[in-house]
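Trainee: Here's the letter readout for the chains.
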Amino acid sequence: MSGVPQGFRRERVDRGVAVRARDVFALSSNRDLAWLLLPRVVPLVLLLAFPLLGSRISGYGQTVMLNTLVVSLLALSWDLLASAGLVSLGQAFFFGLGGYVAGWLNARLGLPPALTIPIATVAGAAISTALLFPLLRLRGIYFGMITFALPLLLMRVVETTGVLGGTEGLSGLTPLPNRTLELYLVTIAALVTLLAFRRLATSDYGLLFQAIRDNDRAVIASGFDLQRRKAQVVFLAALPAAFAGAFVTHRYQFVGMPAFAMDYSTLPLTSAVIGGPGSFFGAMVGAFILVPLSELLREFGSLRVVVYSAMLLVFTIGLPEGLFRFAARKWTQLERLVPIEEAARER
Amino acid sequence: MDGLLASTLVYGLVSSATLLLTALGFSLTFGLSGVANFAHGGLYLLSGFTAWMLMKAGLPFLAAAGLTVVLVGVLGALLYRVVIMPVRGIVLAEVISTFAVGVAIIEFFRWKGFTTYDYALPELVEGSVEILGVSVDWQRLLIVGIALALTLGLWAFTHWTKIGLALRGMSQDEYTALSVGIESDWAAMLSLALGSALAAVAAVVLLPLGIISINSGYDALLVALAVTVLGGLESTAGMIAGSLILGFAVTLTGNYVGPRWGEVVYLGAIVVVLTFRPSGLLGSSKQLEERV
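For the protein sequence lines, the chains are A and B, in the order given.
Note that the working numbering gives residue 150 to position 138 of the first sequence, counting from 1, and the numbers run on in steps of one.
Note that the working numbering gives residue 211 to position 209 of the second sequence, counting from 1, and the numbers run on in steps of one.
Everything labelled a hint here was simulated from the structure, so no lab data went into it.
A few of these clues could be false.
Short derived list, chain B residues pointing at chain A, Cβ under 10 Å [as the list claims (entries may be wrong)]:
{"hint": "1", "residue": "Leu-6"}
{"hint": "2", "residue": "Leu-7"}
{"hint": "3", "residue": "Gly-36"}
{"hint": "4", "residue": "Arg-83"}
{"hint": "5", "residue": "Val-84"}
{"hint": "6", "residue": "Leu-94"}
{"hint": "7", "residue": "Ala-95"}
{"hint": "8", "residue": "Gly-104"}
{"hint": "9", "residue": "Gly-135"}
{"hint": "10", "residue": "Thr-230"}
{"hint": "11", "residue": "Ile-272"}
Glycine included, each C-beta is placed from N, C-alpha and C at the ideal position.
Please put together the full structure from these sequences, using the hints given.
Mentor: Pasting the structure below:
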């Protein structure tokens, strides 16, 4: 073997164990532990430390970070819905409703953001669940069709009826106190959502959602109320999306028709597909790749939409498992050098 | 007859025919191969601009329109071969990949700056005529005629010709169809080509009514979804009923409540119908099983 020093041999990180048990390794040393902890701890520390850098990061950099985290929230929400077989092409629906609830509470009732954001998170999710409830009987492709249409139609309703400020929107809303708080608020929201959804997916309660995706007839036959379960998963998935809407509303001190824009539907969808659906980590990884990329392409106008549509296409066809699973697998297949014990003893 | 009522009747019919024509291609592809072609809106817009460019190159309108229909039909077949075939059967991936193609086409034209008033197609027939005391231009009547002719023609095609029957057989029971020698990919490719060509027909007939605006791509997809979901699939009568309901509802509210309220009706109509009849207005029980 070339490139291997005398007295060493190559060894894969998962040492063949992963062939039998996908994620379980025999942990024999702290070094093994470190190999596993590294990819988990480093991103976490970077995320939590980012707001502390303060003015060392430019205002633009912080804006990109905020946008990334907002898209992460929407992508996580998409992933939970998809894990229950409900493919949403209109995350902007949840986002816009959350945003409008927060905006309305602040503009009409004068509530401070400390109240409007939590209320809008819950109320926005509840309203979107109620609006979607009659349509929850649809499945597969039909659900996708209807979620694609809903935000665009709501946008027109606001435009034509002039409710909630109509085309002008609601402006002059209370801003959030400072940038560090904004960053921490949305970072923690994203992490809590990520971990909560991961936990949910492996619980008995969450397994039922996967059962709905795999075979909803079997779920009915087992005596579960399919409609109620679907409504529950929509509510849970709508929470982070409505929070993102409420947060962005206060950040820009404005909510209007752009809250239902296609960008808030396509960006999370593309993020989740690039990162790989089903793992939740993937949705976040995707957002952290896509949003900075789309910022780089901002000067090219709507060409960036073409670029991420192309990425969406390439990943759907070429790498359906997504970057996250791909990278995770490759990471455990890395080869490291270990001393050959016999050789060491003989010397 | 009351002027407003007459105008509602005439323009309701015209707008129903517009909806029907827009949705026809999408619904046909979906009914025959089960592929929801979310690139429908993109192809619609692409057809408009292709016809415009062909006319710039010196072709007369009819030739340009005909060539566009053929070209976009071929593109639809390619779309199936390149994009859909690798992910056939994975519904989520089919939807996402065609959606991506559609958005890419539409946003490409936006980026290229196809947004001025120069981009318009000429009307095939100028002038207008009075029906029930309401003045309608010939182009709008032509839309009604073409929509009707195409719907009837397609019905005859899928019920009486060998190819049409093969396509329907494939949509009803894939394994049985395979066992009598109908190739699945061939049938799906043909249905995609037909659906795309119909999107092109809709574009060259409907777009002369105004300028070719970028957002008409998204609108076309939205209309196709609304009509298809509302009417029930693979049911020609359902599609006609769906577009009549939407068309008249929009015109009625537009005339009696206020011109800007018409659009709101889409949302209401879809939600109400799907709440009470999840299979669509005239959908059959087989479709009900697929949907619910």
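Trainee: Now tell me if each hint is right for this structure.
Mentor: Status of the hints after comparison with the structure:
no.	hint	result
1	Leu-6	violated (20 Å)
2	Leu-7	violated (23 Å)
3	Gly-36	holds (8 Å)
4	Arg-83	violated (12 Å)
5	Val-84	holds (9 Å)
6	Leu-94	holds (5 Å)
7	Ala-95	holds (5 Å)
8	Gly-104	holds (8 Å)
9	Gly-135	violated (29 Å)
10	Thr-230	holds (8 Å)
11	Ile-272	holds (7 Å)
In this structure, the hints that do not hold are numbers 1, 2, 4 and 9, in rising order.
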